[in-house]
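Chains as they are written, first to last, in the numbering used here: chain A, 820 to 977; chain B, 257 to 522.
In short, the hints are calculated from the structure, not lab data. Any given hint could be a false lead.
Unchecked claim - List time: in silico SDA-like cross-link candidates among lysine to any residue, alpha-carbon distance up to 25 Å: (1) A:Lys-956 with B:Thr-278; (2) A:Lys-964 with B:Ala-291; (3) A:Lys-956 with B:Arg-281; (4) A:Lys-956 with B:Cys-287; (5) A:Lys-855 with B:Trp-325; (6) A:Lys-964 with B:Gly-272; (7) A:Lys-956 with B:Thr-309; (8) A:Lys-964 with B:Arg-271; (9) A:Lys-956 with B:Asp-276; (10) A:Lys-855 with B:Glu-503; (11) A:Lys-855 with B:Ser-444; (12) A:Lys-956 with B:Ser-286; (13) A:Lys-956 with B:Pro-520; (14) A:Lys-956 with B:Asp-262; (15) A:Lys-964 with B:Leu-298; (16) A:Lys-964 with B:Glu-302; (17) A:Lys-855 with B:Ser-506; (18) A:Lys-964 with B:Ala-268; (19) A:Lys-855 with B:Arg-318; (20) A:Lys-956 with B:Glu-504; (21) A:Lys-855 with B:Val-464; (22) A:Lys-964 with B:Thr-273; (23) A:Lys-855 with B:Leu-320; (24) A:Lys-855 with B:Val-518; (25) A:Lys-855 with B:Pro-520; (26) A:Lys-855 with B:Glu-327; (27) A:Lys-855 with B:Glu-488; (28) A:Lys-855 with B:Gln-322; (29) A:Lys-956 with B:Glu-282; (30) A:Lys-964 with B:Asp-289; (31) A:Lys-855 with B:Ala-445; (32) A:Lys-956 with B:Glu-302; (33) A:Lys-855 with B:Arg-458.
As the list claims (entries may be wrong) - From chain B, some residues computed to sit far from chain A (all C-beta separations above 12 Å): (34) Thr-278; (35) Leu-283; (36) Ser-286; (37) Pro-469; (38) Cys-472; (39) Glu-473; (40) Glu-475.
Computed from a prediction, not measured in an experiment: that's the story for all the values here. A virtual CB, placed ideally from N, CA and C, is assigned to each residue, including glycine.
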Amino acid sequence: MRRHEDRVFAVCLRIMRNRESALDAVQETFLTVFRKADQFRGDSQFSTWLYRVAVNTCYDLLRRMKRRPADPLPEGYEPPDRRVDAALSSVELRPGLTTALASLSEEFRTTLVLADVEGLPIGEVAEILQVAQGTVKSRLHRARKELARILGNREAWG
Amino acid sequence: MHERHDLDLVAAFARGTLEDPTPARELIESCPDCAEYYEDNLLILEAVRNDLTPRLTDLERRRLRQSIWTEIDGSQTGPAAERVTWRSGAWWYRMAGAVAVLAAVVAVGGVLLGGRGGDMALESTTAELPRSEEETAIAAATTAAADEFTPMAADGGASATTAAAADDTEQAGAPEEATTDRALRAFSAPDLPEVVAEFLDRVTGGEVGIERPFACEAEVDTEQLLAAEAAEMDGDRVWFFAFGNQEEPSVQVLRSEDCSVVYPNG
Numbered sequence: 820m821r822r823h824e825d826r827v828f829a830v831c832l833r834i835m836r837n838r839e840s841a842l843d844a845v846q847e848t849f850l851t852v853f854r855k856a857d858q859f860r861g862d863s864q865f866s867t868w869l870y871r872v873a874v875n876t877c878y879d880l881l882r883r884m885k886r887r888p889a890d891p892l893p894e895g896y897e898p899p900d901r902r903v904d905a906a907l908s909s910v911e912l913r914p915g916l917t918t919a920l921a922s923l924s925e926e927f928r929t930t931l932v933l934a935d936v937e938g939l940p941i942g943e944v945a946e947i948l949q950v951a952q953g954t955v956k957s958r959l960h961r962a963r964k965e966l967a968r969i970l971g972n973r974e975a976w977g
Numbered sequence: 257m258h259e260r261h262d263l264d265l266v267a268a269f270a271r272g273t274l275e276d277p278t279p280a281r282e283l284i285e286s287c288p289d290c291a292e293y294y295e296d297n298l299l300i301l302e303a304v305r306n307d308l309t310p311r312l313t314d315l316e317r318r319r320l321r322q323s324i325w326t327e328i329d330g331s332q333t334g335p336a337a338e339r340v341t342w343r344s345g346a347w348w349y350r351m352a353g354a355v356a357v358l359a360a361v362v363a364v365g366g367v368l369l370g371g372r373g374g375d376m377a378l379e380s381t382t383a384e385l386p387r388s389e390e391e392t393a394i395a396a397a398t399t400a401a402a403d404e405f406t407p408m409a410a411d412g413g414a415s416a417t418t419a420a421a422a423d424d425t426e427q428a429g430a431p432e433e434a435t436t437d438r439a440l441r442a443f444s445a446p447d448l449p450e451v452v453a454e455f456l457d458r459v460t461g462g463e464v465g466i467e468r469p470f471a472c473e474a475e476v477d478t479e480q481l482l483a484a485e486a487a488e489m490d491g492d493r494v495w496f497f498a499f500g501n502q503e504e505p506s507v508q509v510l511r512s513e514d515c516s517v518v519y520p521n522g
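Please work from the sequences and hints to get the whole structure.
Shown next as structure tokens:
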């Protein structure tokens, strides 16, 4: 756990976009790993399995959060910065990676975080997300275009 | 972007991972869309380089570990049948509670003796106590799990107190401790997959060496051997071997007595 907790936290934080929620996700991830340790067959890397659990846990938590819009916001909740949109119209204000990632859809964000931020190979990302490699490539290309547009503060191309 | 263009090639070129970058360079020079995608990739790579990797604060780390420990421990002792079921299959869950009790006893002892700060070493604390056979087995079998899931106090002071207990235990001349107990990790056959997973985890982390002499040497590809570690499965000596590269090792478990393959075929 010591070895993986920071990386799992980094992935969860970038998917969840909120520190408290990310911590919840990390906790749930490691509990799930311990509960389901007998399901790990050793035919993939342990870290791949761990990432898969983490991503699925994050998705579950995000779904639960969406289903409960009336729930009070978690302590320390940082709402998305609405100035991002305004910033996009100004070349002077470029958002950082975290802010830019937060603007992507869950699918794109997760794919990009795993491949480009965590540096995992396409095959492993596909295994984690349980989709075909072609799907990962497609998502990745579109996510990169979108992220670059936000980071570079450029107009979207047709 | 033109579909016939190899975007993977462009992305790989941006990352500098191509052995021969000429085709990618030509593609970028001849295709404006590809050049733009190349720039996109450079922009993202720069953003990733400049971005600080999020890390847990010390307080978050302590709380996280404590909450996981509490959840595991609480579920084990709680009345909920569902939770008893999910943990009853895992060997460290069954043993974790006993280890926690031992740690707590030593921690209280440390407070009474007046301890000082330091890193907590659960193996050392358990070594100080008089042991029943079961406790000895618990300590041996849960070395790794306890190492990962040391119950941490929510505040630094309590942690320091617990750590002080460990320090005092060592200073009081605790016997050989982990080295003798570690040798044989005991588990039962149904738990083999998770023990393998844990072994893999430690191998990739560079925490396991080659214990010599190991059994079944004739059956083992010693050139590819990364790690060898003895354990005890249902009372029988078995050997865990890891081969290949450390990033992605393969694991084989052999029964010491007849060198039969227990894992992955078992």
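Comparing the hints with the structure gives:
Taking the CA atoms of A:Lys-956 and B:Thr-278, the gap is about 22 Å. The hint holds against a cut of 25 Å. For a cut-off of 25 Å, the pair hint linking A:Lys-964 to B:Ala-291 stands: about 12 Å separates their Cα positions. At roughly 21 Å between alpha-carbon atoms, A:Lys-956 and B:Arg-281 fall within 25 Å of each other, so this suggested pair holds. A hinted pair counts as satisfied when its Cα atoms are at most 25 Å apart, and A:Lys-956 with B:Cys-287 qualifies at roughly 20 Å.
Between the alpha carbons of A:Lys-855 and B:Trp-325 the distance comes to roughly 16 Å, so the proposed pair stays at or under 25 Å and holds. Restraint check for A:Lys-964 and B:Gly-272: the C-alpha separation of about 19 Å stays at or below 25 Å, so the hint holds. Proximity of A:Lys-956 to B:Thr-309 is assessed by CA-CA distance (about 24 Å); at most 25 Å being required, the pair is judged to hold. Distance hint between A:Lys-964 and B:Arg-271 is fulfilled; the C-alpha atoms sit about 16 Å from each other, no more than 25 Å.
Of the supplied pair hints, the one linking A:Lys-956 and B:Asp-276 holds, its CA atoms being roughly 21 Å apart against a limit of 25 Å. For the hint linking A:Lys-855 to B:Glu-503, the alpha-carbon distance of about 23 Å falls within 25 Å, and the restraint holds. In summary, the hint linking A:Lys-855 to B:Ser-444 is supported, as the alpha carbons are separated by about 17 Å, within the 25 Å threshold. A distance of roughly 23 Å separates the Cα atoms of A:Lys-956 and B:Ser-286; the hinted pair therefore holds under the 25 Å criterion.
The hinted pair formed by A:Lys-956 and B:Pro-520 fails the criterion: a straight-line CA distance of about 33 Å is larger than 25 Å. Of the supplied pair hints, the one linking A:Lys-956 and B:Asp-262 holds, its CA atoms being roughly 11 Å apart against a limit of 25 Å. Taking the CA atoms of A:Lys-964 and B:Leu-298, the gap is about 11 Å. The hint holds against a cut of 25 Å. Restraint check: the Cα-Cα separation between A:Lys-964 and B:Glu-302 comes to about 15 Å, which is no more than 25 Å; the hinted pair holds.
The hinted pair formed by A:Lys-855 and B:Ser-506 meets the criterion: a straight-line CA distance of about 21 Å does not exceed 25 Å. Pair hint A:Lys-964 plus B:Ala-268 holds up; C-alpha atoms about 15 Å apart against a cutoff of 25 Å. Among the hinted pairs, A:Lys-855 with B:Arg-318 is consistent with the structure: their alpha-carbon atoms are about 23 Å apart, no more than 25 Å. Pair hint A:Lys-956 plus B:Glu-504 holds up; C-alpha atoms about 23 Å apart against a cutoff of 25 Å.
A distance of roughly 24 Å separates the Cα atoms of A:Lys-855 and B:Val-464; the hinted pair therefore holds under the 25 Å criterion. The straight-line distance between the Cα atoms of A:Lys-964 and B:Thr-273 is roughly 20 Å, inside the 25 Å bound, and the hint therefore holds. Distance check on the hinted pair: A:Lys-855 and B:Leu-320 sit about 19 Å apart at the alpha-carbon level, within 25 Å; holds. Pair hint A:Lys-855 plus B:Val-518 holds up; C-alpha atoms about 21 Å apart against a cutoff of 25 Å.
Between A:Lys-855 and B:Pro-520, the direct Cα distance comes to roughly 18 Å. Compliance with the 25 Å bound is thereby established for this hinted pair. A distance of roughly 15 Å separates the Cα atoms of A:Lys-855 and B:Glu-327; the hinted pair therefore holds under the 25 Å criterion. The suggested pairing of A:Lys-855 with B:Glu-488 holds, with an alpha-carbon distance near 22 Å, which does not exceed 25 Å. Annotation: proposed proximity of A:Lys-855 to B:Gln-322 holds, straight-line Cα distance about 20 Å (limit 25 Å).
For the proposed pair A:Lys-956 and B:Glu-282, the alpha carbon gap of about 22 Å is at most 25 Å, so the pair holds. Restraint check: the Cα-Cα separation between A:Lys-964 and B:Asp-289 comes to about 11 Å, which is no more than 25 Å; the hinted pair holds. With a CA separation close to 16 Å, the supplied pair A:Lys-855 and B:Ala-445 stays within the 25 Å bound. Under the criterion of a C-alpha separation no larger than 25 Å, the hint pairing A:Lys-956 with B:Glu-302 is consistent with the structure, at around 20 Å.
For the hint pairing A:Lys-855 with B:Arg-458, the CA-to-CA distance comes to about 18 Å; that is within 25 Å, so the pair holds. With a least CB separation of 22 Å from chain A, B:Thr-278 remains clear of the 12 Å interface cut-off, as annotated. Separation of B:Leu-283 from chain A is adequate, the least Cβ-Cβ distance of about 15 Å exceeding the 12 Å criterion. B:Ser-286, annotated as away from the interface, keeps every beta carbon of chain A farther than 12 Å; the closest lies near 18 Å.
Once the 12 Å rule is applied to beta carbons, B:Pro-469 is consistent with being away from chain A; the minimum gap is 26 Å. No Cβ of chain A comes within 12 Å of the Cβ of B:Cys-472; the nearest lies about 19 Å off, and the non-interface call holds. Interface exclusion of B:Glu-473 from chain A stands, the closest Cβ pair being 23 Å apart, more than 12 Å. The Cβ of B:Glu-475 lies farther than 12 Å from every Cβ of chain A, with a closest approach of about 19 Å, so its non-interface assignment holds.
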